[in-house]
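The chain contents come next:
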Amino acid sequence: MIVLYVHIATHLVLVLLLPPLCLGVIAKTKALFAGRVGPPLLQPYYDLARLMKKGMVLSRTTTWVFLAGPIVGIVTTLLAALFVPLGGHAAPLSFAGDFVLFAYALGLGRFFTVAAALDTGSPFEGMGGAREVTFSCLAEPALFFGFLVLAHASGSYSLSDMLGASVSSTWSTASASLAAVALSWFVVLLAENSRIPFDDPNTHLELTMIHEVMVLDHSGPLFGVILYGAAVKLFVFGALVLGVAAPLAGIGPWASWPVFVAVSLLLAVVIGVVESVMARLRLPQVPSLLVAASLLAAFGAVLLVR
Amino acid sequence: MNEFLLIAAIVLAGLAGVPGLFRAREGHAAERLFVGVITLAGVLAGTGAIGTLAFGSSGALTAAWPVPGGQLAVEVDAISAMFVLQIAVLAVLSAWYGLEYWPQKAHPTNGRKLRAFYGVATAAMLLLVIARNAVLFLVAWEVMALAAFFLFTTEDEKPKVREVGFVYLLAARGGTLCLFAMFALLAAASGTLSMDGWPLALASPLGNAIFIVGLCGFGLKAGIMPLHIWLPGAHANAPSHISALMSGVLIKMGIYGIVRLTASCALPPLWWGYVLIGLGAMSGVLGVGFAIGQHDIKRLLAYHSVENIGIICLGLGVAVLGRSLGRPELVALGIAGALLHVWNHGLFKALLFLSAGSVVHATGTREIDRLGGLWRRMPRTGLAFLVGAVAICGLPPLNGLISELMIYLGLFQTSSEGGGTWLAGALAAPALAIVGALAVACFVKVFGAVFLGEARTVDVEHAHDPGRAMLVPMAVLALACLFIALGAPLVSHVLDTAVTAWAGGSVGTTAPLNALAPLVWVSATSAALLLSLLFLGVRLGAYMSRREFKKEVGTWDCGYAAPTARMQYTSSSFAATLVGLLAWALRPDTHAPHLQGAFPATSTFASHVPDTVLDRGLRPVFSVAARVFMWLRFVQSGNIHLYLLYILGTLVVLLLWR
Numbered sequence: 001m002i003v004l005y006v007h008i009a010t011h012l013v014l015v016l017l018l019p020p021l022c023l024g025v026i027a028k029t030k031a032l033f034a035g036r037v038g039p040p041l042l043q044p045y046y047d048l049a050r051l052m053k054k055g056m057v058l059s060r061t062t063t064w065v066f067l068a069g070p071i072v073g074i075v076t077t078l079l080a081a082l083f084v085p086l087g088g089h090a091a092p093l094s095f096a097g098d099f100v101l102f103a104y105a106l107g108l109g110r111f112f113t114v115a116a117a118l119d120t121g122s123p124f125e126g127m128g129g130a131r132e133v134t135f136s137c138l139a140e141p142a143l144f145f146g147f148l149v150l151a152h153a154s155g156s157y158s159l160s161d162m163l164g165a166s167v168s169s170t171w172s173t174a175s176a177s178l179a180a181v182a183l184s185w186f187v188v189l190l191a192e193n194s195r196i197p198f199d200d201p202n203t204h205l206e207l208t209m210i211h212e213v214m215v216l217d218h219s220g221p222l223f224g225v226i227l228y229g230a231a232v233k234l235f236v237f238g239a240l241v242l243g244v245a246a247p248l249a250g251i252g253p254w255a256s257w258p259v260f261v262a263v264s265l266l267l268a269v270v271i272g273v274v275e276s277v278m279a280r281l282r283l284p285q286v287p288s289l290l291v292a293a294s295l296l297a298a299f300g301a302v303l304l305v306r
Numbered sequence: 307m308n309e310f311l312l313i314a315a316i317v318l319a320g321l322a323g324v325p326g327l328f329r330a331r332e333g334h335a336a337e338r339l340f341v342g343v344i345t346l347a348g349v350l351a352g353t354g355a356i357g358t359l360a361f362g363s364s365g366a367l368t369a370a371w372p373v374p375g376g377q378l379a380v381e382v383d384a385i386s387a388m389f390v391l392q393i394a395v396l397a398v399l400s401a402w403y404g405l406e407y408w409p410q411k412a413h414p415t416n417g418r419k420l421r422a423f424y425g426v427a428t429a430a431m432l433l434l435v436i437a438r439n440a441v442l443f444l445v446a447w448e449v450m451a452l453a454a455f456f457l458f459t460t461e462d463e464k465p466k467v468r469e470v471g472f473v474y475l476l477a478a479r480g481g482t483l484c485l486f487a488m489f490a491l492l493a494a495a496s497g498t499l500s501m502d503g504w505p506l507a508l509a510s511p512l513g514n515a516i517f518i519v520g521l522c523g524f525g526l527k528a529g530i531m532p533l534h535i536w537l538p539g540a541h542a543n544a545p546s547h548i549s550a551l552m553s554g555v556l557i558k559m560g561i562y563g564i565v566r567l568t569a570s571c572a573l574p575p576l577w578w579g580y581v582l583i584g585l586g587a588m589s590g591v592l593g594v595g596f597a598i599g600q601h602d603i604k605r606l607l608a609y610h611s612v613e614n615i616g617i618i619c620l621g622l623g624v625a626v627l628g629r630s631l632g633r634p635e636l637v638a639l640g641i642a643g644a645l646l647h648v649w650n651h652g653l654f655k656a657l658l659f660l661s662a663g664s665v666v667h668a669t670g671t672r673e674i675d676r677l678g679g680l681w682r683r684m685p686r687t688g689l690a691f692l693v694g695a696v697a698i699c700g701l702p703p704l705n706g707l708i709s710e711l712m713i714y715l716g717l718f719q720t721s722s723e724g725g726g727t728w729l730a731g732a733l734a735a736p737a738l739a740i741v742g743a744l745a746v747a748c749f750v751k752v753f754g755a756v757f758l759g760e761a762r763t764v765d766v767e768h769a770h771d772p773g774r775a776m777l778v779p780m781a782v783l784a785l786a787c788l789f790i791a792l793g794a795p796l797v798s799h800v801l802d803t804a805v806t807a808w809a810g811g812s813v814g815t816t817a818p819l820n821a822l823a824p825l826v827w828v829s830a831t832s833a834a835l836l837l838s839l840l841f842l843g844v845r846l847g848a849y850m851s852r853r854e855f856k857k858e859v860g861t862w863d864c865g866y867a868a869p870t871a872r873m874q875y876t877s878s879s880f881a882a883t884l885v886g887l888l889a890w891a892l893r894p895d896t897h898a899p900h901l902q903g904a905f906p907a908t909s910t911f912a913s914h915v916p917d918t919v920l921d922r923g924l925r926p927v928f929s930v931a932a933r934v935f936m937w938l939r940f941v942q943s944g945n946i947h948l949y950l951l952y953i954l955g956t957l958v959v960l961l962l963w964r
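Just so you know, the sequences run in chain order A and B.
Each residue of the first sequence is one higher than the last, beginning at 1 in my numbering.
Each residue of the second sequence is one higher than the last, beginning at 307 in my numbering.
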């Protein structure tokens, strides 16, 4: 029993503390590729601490929806993080159909993030919001085709089992399906977290932006909450991809935690490499890539039907 | 016992608007009497329904009547009771709302007509769901359809209203025709017009024919794509509380018919389930797709009814598949998900129509792109709309999630069958996910464009929240949405009785829903989510008041010197990319100006998403047909005695032919 609590506590600590480090690793990787030294690995933590101490500027146009956006965003992301198993250990919350709650909790966060953007009445933020909801419509089927593959392979309907011990054995029987899902979900990760080639998280005031432009008017602590939420979301999607690509259930209960941290940071390096070697897509091409990701996952599902 | 309560309610509701017809045009005594009587009828009907759900059905109430082919029979079983309860709740709440929204004083010409047919339609719907005889069912169906026609055409002095009214009438007539065929085939198959004696012939050609005509007839009422042609126009042009009632319960009568029809077949062929799932997925995705392209808030909501009918059909399809395959858990998850979604959609769609009605009432326009910034003027209406929007998207912590979760679980559990069945599930589940994501896109668009930002072109300076008669019904609906979400483990007991009534032992005993779906967990998670949001909200409020933030600046405008409210992103721009992606089905009309030179002349841009089936399919076909049949015009003289002669002649011919 105590062992279970320790694992749950480790899950929570990792979800709360690790995400900004992943951002730091990505930034460092990109800097190395560009031949720069780059900011220190812990820079995201310093940024968050600095933002928390600042004041806020609020527009006359805004209502409490503007304030609710970041709050709902962080709460729903943390809720989603409770469903995803880390390092082969069952997640703190796990029941049949929890994958629906995972997707729909993130949907609630999206609803309020975009509503907060529209609350400012700014055309830029409206544009960002429109892109956010449009692209997530295309990413959602890829996510669910992946769930279908994992549910079929594991015979279970909760994320902890779908991404649990059965994944390793599925790799030997239906490796093509899992590879398709892993690749498709990696694309979803890049899209949902507004990374290159979908969006450039480092630019401000560019007409091709998605996430950054939605939070243009947020400042101070609430902006810090948004940045932190974005980091957690990246980490959660990373855990989802790693659950398929790097099953850790067989390693042993204690050894799997450090290994998980290591592969998470490795995934951050991979994201950094992708961001360094690729250019941002032109906006009209984004839907094609997302549809391709969905079709890839659909192929994975169809291969299992036979 | 419960049947007597229902009969009393039907009589009361049917007569509720009659006294008003004899009253002066400008008195408000009659409308209060009407609301009182409807409330009484609703309480009686609701008591009967709850009695059945709590203590079980007491068997059919029968009486002899001179109509051939069976007895007069009514019965309230668990399925009827679920629909009765919904009709009662929405009829009462919409009537209260109408007291302020459509007062006799402001509408002296059509207020009395509206209330008379409101009562008749309510009574007919109540009769419809307890009828156990085909003739009685058809009578109730026809009365309901015609009363609904007069409700939709309340403002029949407007040409647009007459036009959509006639489209509705055409669809309703077509539907009834299909139902006549269905009941005739059923009677031929079973030899009786009593609806209890219908164990459908197993997978026979006759059984399949019955399913197809029945699906067409009921589908026309329910608004399954592509039979939804009447729905958007009729709902958009009716008074808002009528839209709420019609979208909440009238279209559900079509679903009720499909539920009864599929319940009567013990072992349906697999393809029935595939057809329902396919139609459901198409209605869902394209319903919300068309909704995204609309500029009229009520037309948009009407297309979302098509979407939700699609979700309900997905559930029904899962249940039928479960029956074919002998899988009790699929039956339970499918039918319970479908029936709960019937309730849920009734609640949040009525809530959305009523709050949209408040916006129309306050601003005088249904055009989304002319509104904006209403939250500061009408915070209560805004909150009601927000609750409805979150609920209809199926998001936690509200009720849409519960029914969609059951349907998702049903679809995913087809995976153990393999082959075609899993393919159906494997394609429908992502379709449902797309529907959810598109619904979020659509409702964040409407909510943002109407309530947030700044007012665009309409003057909203004097807009304000409505009074209690309109706000209380909205509050009740919003609380009901929350209750179903947080009390799902309790609601599941009601659904268990309905599942038993539908399955009727055909697939063995089903496990209780609480064991099949993690309702306790979902409700607990929703409650925890809600509490943590409230907690953080309070903390944030305290933090804000401590630091005394002042709103002294405008929105960051990127250095532009003279921003205006008209520069805001409109709902049309917001939806443009999605409409473009769905252009293969939506076929939007765009009138873009051709700009030339450095200083082009003033020009206009207009875009519009017409209904592909109605405006691009049926209208051209029908206008050709109208020209072709011009030579038959002479039989339509408009003289009533001539029509009586036609009827007599037909009767004589039929008798001779026998």
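These aren't lab readings, by the way, just hints derived from the structure by calculation.
Honestly, I wouldn't trust all of these hints.
Using C-beta positions, here's what the derived DEER-type ranges look like [as the list claims (entries may be wrong)]:
| # | chain 1 | residue 1 | chain 2 | residue 2 | range |
| --- | --- | --- | --- | --- | --- |
| 1 | B | Gly724 | A | Ala255 | 47 to 57 Å |
| 2 | A | Met1 | B | Phe789 | 29 to 39 Å |
| 3 | A | Met56 | B | Gly724 | 38 to 48 Å |
| 4 | A | Arg36 | B | Gly726 | 55 to 65 Å |
Output of the computed footprint for chain B on chain A, the stretches with three or more beta carbons under 8 Å from beta carbons of chain B [to be verified]:
| # | region |
| --- | --- |
| 5 | 87–98 |
| 6 | 240–249 |
From the structure, some residues in chain A lie toward chain B, with a derived Cβ separation under 10 Å [to be verified]:
| # | residue |
| --- | --- |
| 7 | Gly35 |
| 8 | Arg60 |
| 9 | Leu138 |
| 10 | Pro197 |
| 11 | Leu304 |
Backbone N, C-alpha and C define an ideal beta-carbon position, used for all residues, glycine too.
| said: To test your reading of the hints: which numbers does this structure violate? | reply: Per hint list: 1, 3, 6, 7, 10 violated.
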